[in-house]
Amino acid sequence: MPEMAIQTQKLTRRFGNLIAVDGIDLQVTAGQFFGFLGPNGAGKSTTIKILTGLLAPTSGSMQLLGVDFAANPVEVKRQIGVVPEGMGLFERLTGSEYLKFVGRMYGLDRATTQRRSEELLDFMQLADRPTTMIADYSHGMQKKLALAAAVIHGPRILFLDEPFEGVDALAAGALKALLARMTERGTTIFLTSHVLEIVERLCSHVAIIHKGRLVAQGSLEELRTGISGEAGNKTTLEQIFLSIVGQGGTERPQLEELSWLM
Amino acid sequence: MADVTHSVSVFEQIRLVAGLRWRILRNSLRKKNNRLDLIGLIFTGVFGGIMVLGLCIAFYAGAYASFSQSRLEWMALLFWAIFLFWQIFPVLVAGFGANFAFRTLLRFPLSLRAFYIIGLAYGFADFSALASVCWLLAMTAGATVAKPGVLPAMLLIGAMFMLVNVTLERLIGSWLERLLARRRARELFLGLFVLSMISLNFINPLMQRYGASARPAFLRLLPYFAWFPPSLAGHALAAITRLQPARFLLSSSLLLLYLVLFSALLWRRFAAQYRGEELSETAAPARAAVRPTAARDDGPDRLSLLSPPVAAIVRKEFRYLTRNGFALLALLMPPLVILVFSMNSAGWHLTAGGRGVSAEMFFPGMMAYLILILMAPAYNSFAYEGRGIQTYFTAPLRFRDVFLGKNLMLVSVLSVEIALSLAMLAWRVGLPSAHMLVATCAAVIFTIVGQLTVANWSSITFPRKMEFGQMRGQRQSGMAVLVAFASQILMGGISAVILFTGNWTGNLWLPAEAFALLAAAAVGGYFASLDALSRLAEKRKEVLIEALCR
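Residue numbers (this note's numbering), protein chains in the order written: chain D, 52 to 313; chain E, 5 to 554.
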């Protein structure tokens, strides 16, 4: 039986009367590159916040690497890395200072933190701005730094909320290669992105959330088969997504309603 | 083809913006924290209101006396008081200003005229403007009661003076906004500002020493002040009362000229903004930095006694302190204030003259003042974390470590400040008796540690984001201010009563013993509270993240 990296049971989050996440049962096996998709407001970010401890669920439970999050949050957090929505950087530190801070927060010793910080800054092409404060970084540079901070302690699960947004093509290529290598070595990557091509290229497994409910989950091949009814077809992820979320076009905005614009 | 919209009148645009402001306020009140904040603001507003009302009476009486006793030159003084308050107060307490960036309206098809009028109207939304208008109305009432015939002139001059002030205030604000668009410029400005505020304290001692010799020079300068708007307003009213139409015309025309000049300059500034003047803080082109051959290590770990997360937080707090020009300069304040106070009212060298305060009173008083200043930021200690607050919740640590790190840093800073101040006291005033020294030191521990518990609670309950080196919109949560106020009054009250108990009972060591017990209880209470506060932080993490990640 493969080791489960993420498992949730009836995970629910309400905001007043709004049910943002409605009893989802996620199952992500260790080492998977997992894409978590959904239209705007579907509950993706809320789910990722719950899974990383930034938000408490209203009900339901979850285990990361077999450890119950509610019972042992510190132990779980030690095993995961996060690039949250908004990146969560301390903008008045330099990139190097921030990485050292995060490394120490995760319990790495000083020498290891120092070495890994330098290597990560080099890899992310941020090493040539040693005295620049994060506040003065461009959006893409901040994103790369947030990624570096998320992996400095060698997490077993990596949660990435829109990791390639604002990152230039060159750096994005290197990052994708890094992430692919990490999954080969057993790291589980849980990624949300609105760019379906990226998800299709990187992820082996996908889940789709819509109006807070999990409407599809499985490998890309399983989803393709589920849609067309035949194995080995060439249905794209975009077609799968639209077919599941858009219910064959019935929920797509009707252009006829905007006739005054055309 | 899409429809093309028709133009909207200036009045309609202003109505829409007013509606927008109202909806922003109303919607913000849906959140409990914002409601509490408003309650806190109302409380502080009541104090402001009392001050405005009290001064309204003073301005009414001043104007009444000026006209009834034919001391018309006093009117110029009253106008000067309003003028200085209106122009200087917004710079001093910029946080009270409306923090809705009206320039964001530029994305809409707003005419330059509407943009100008809305910009000017925003000038009346400041506390200083509202208070000044109240005082002008009080002056008008006072003058009219004393001399009813002066009402039309008073209304005319009052309206012109009001427009001159609001235009100038907006003009200064707009220049400052341009000047301070860059973070470094803002921090530099704030540094200079704090230094100038500190320097103000030296005016009295300097006046005492050099006042007599500076007086003739000041008197020589005095006539030039007659050409400034407040004097012109006063002279115009004096002229009309003395039936000197030519002088009235001259003064009011010059006042009008000021209005036209300021309006033209403000129009120019607003026109530049309207055309899309870029003030944003885009990163300057970076110089090609040379990669250091060997990365610098931090050297030996001086915080090795602490757990790694606590040490990391202390280090981060220290870096934040050194990069926050305003906070750093504020640390200069306590020793300097002690120096100034000791020059003014205390010290062995002055006691001989019968004006000094003894070290017995000065020492505890100064320590209380120091704690009052330095503890205030602790009540919103996450203010500068911004989005970084999320790191504390995603990292594998208990929130008590965050409190410990932050509190440790604050206590270290306080210790250094107290040591410096103590040295300053010993030099300027001399040390108090042993029992007073011990009692005050124990009281310091009690009040600091006692407040830390409350401050930690306040920080997670009423968080409010603040930006480094920014002036506009920088305001603590109203409730955090109230909590700090109440807590400091309580601690100060308890300490004062205990200190005086020693005198009343004749047992001089009693306060020291009482404070030692209280300090021990406060330390115990502090450590006992950390776990409960950690649980509370976990419970309130959504509020905390939402407030600080905006």
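Simulated from the structure, these hints should not be mistaken for lab results.
Among the hints, a few may not be true.
[What the hints assert, rightly or not] Simulated crosslink set (SDA-like; lysine to any residue; CA at most 25 Å straight-line): (1) E:Lys36 <-> E:Arg539; (2) E:Lys469 <-> D:Ala81; (3) D:Lys262 <-> E:Glu550; (4) E:Lys35 <-> D:Gly67; (5) D:Lys285 <-> D:Arg236; (6) E:Lys469 <-> E:Gly529; (7) E:Lys543 <-> D:Ala81; (8) D:Lys285 <-> D:Glu307; (9) E:Lys469 <-> E:Ile377; (10) E:Lys35 <-> D:Phe66; (11) E:Lys151 <-> E:Arg251; (12) E:Lys35 <-> D:Glu235; (13) E:Lys36 <-> D:Ala122; (14) D:Lys61 <-> E:Glu542; (15) E:Lys469 <-> E:Arg27; (16) D:Lys227 <-> D:Met55; (17) E:Lys35 <-> E:Ser416; (18) D:Lys227 <-> D:Thr286; (19) E:Lys35 <-> D:Gly92; (20) E:Lys469 <-> D:Gly191; (21) E:Lys469 <-> E:Gly510; (22) E:Lys36 <-> D:Asp119; (23) E:Lys469 <-> D:Lys262; (24) E:Lys543 <-> D:Asn123; (25) E:Lys469 <-> D:Asp119; (26) E:Lys36 <-> D:Phe66; (27) E:Lys543 <-> D:Arg129; (28) E:Lys543 <-> D:Asp119; (29) D:Lys61 <-> E:Arg544.
Just so you know, these numbers come straight off a predicted model, no measurement behind them.
Against the 25 Å threshold, does the CA-CA distance of Lys35 of chain E and Phe66 of chain D hold or violate the hint? holds, 12 Å
Decide if the proposed pair is consistent with the structure: Lys543 of chain E and Asp119 of chain D, CA atoms, cutoff 25 Å inclusive. With Cα atoms ~18 Å apart, Lys543 of chain E and Asp119 of chain D stay inside 25 Å; holds.
Within a Cα-Cα threshold of 25 Å, do Lys469 of chain E and Gly529 of chain E meet the stated pairing? Not OK: Lys469 of chain E and Gly529 of chain E at ~28 Å, beyond 25 Å, violated.
Against the 25 Å threshold, does the CA-CA distance of Lys285 of chain D and Glu307 of chain D hold or violate the hint? The hint is violated at about 31 Å.
Within a Cα-Cα threshold of 25 Å, do Lys469 of chain E and Lys262 of chain D meet the stated pairing? violated, 31 Å
Please verify whether Lys227 of chain D and Thr286 of chain D have alpha carbons no more than 25 Å apart. holds, 23 Å
Between the alpha carbons of Lys543 of chain E and Arg129 of chain D, is the straight-line distance 25 Å or under? With a Cα-Cα distance of about 20 Å, the restraint between Lys543 of chain E and Arg129 of chain D holds, given a limit of 25 Å.
Run the distance test for Lys36 of chain E versus Arg539 of chain E: straight-line Cα separation, threshold 25 Å. Holds - the C-alpha atoms of Arg539 of chain E and Lys36 of chain E are around 20 Å apart, at most 25 Å.
Check the hint pairing Lys543 of chain E with Ala81 of chain D against an upper bound of 25 Å on the C-alpha distance. Cα-Cα ~30 Å, so violated.
Given the hint that Lys285 of chain D pairs with Arg236 of chain D, test it: the Cα-Cα distance must not exceed 25 Å. Violated, at roughly 29 Å.
Just to be careful, I want the Cα atoms of Lys35 of chain E and Ser416 of chain E compared with a cutoff of 25 Å; is the pair within it? violated, 36 Å
Lys36 of chain E and Phe66 of chain D were given as a pair; does the straight-line alpha-carbon distance stay at or below 25 Å? holds, 14 Å
Hint violations for this structure: numbers 2, 5, 6, 7, 8, 12, 13, 17, 21, 22, 23 and 25, all remaining hints satisfied.
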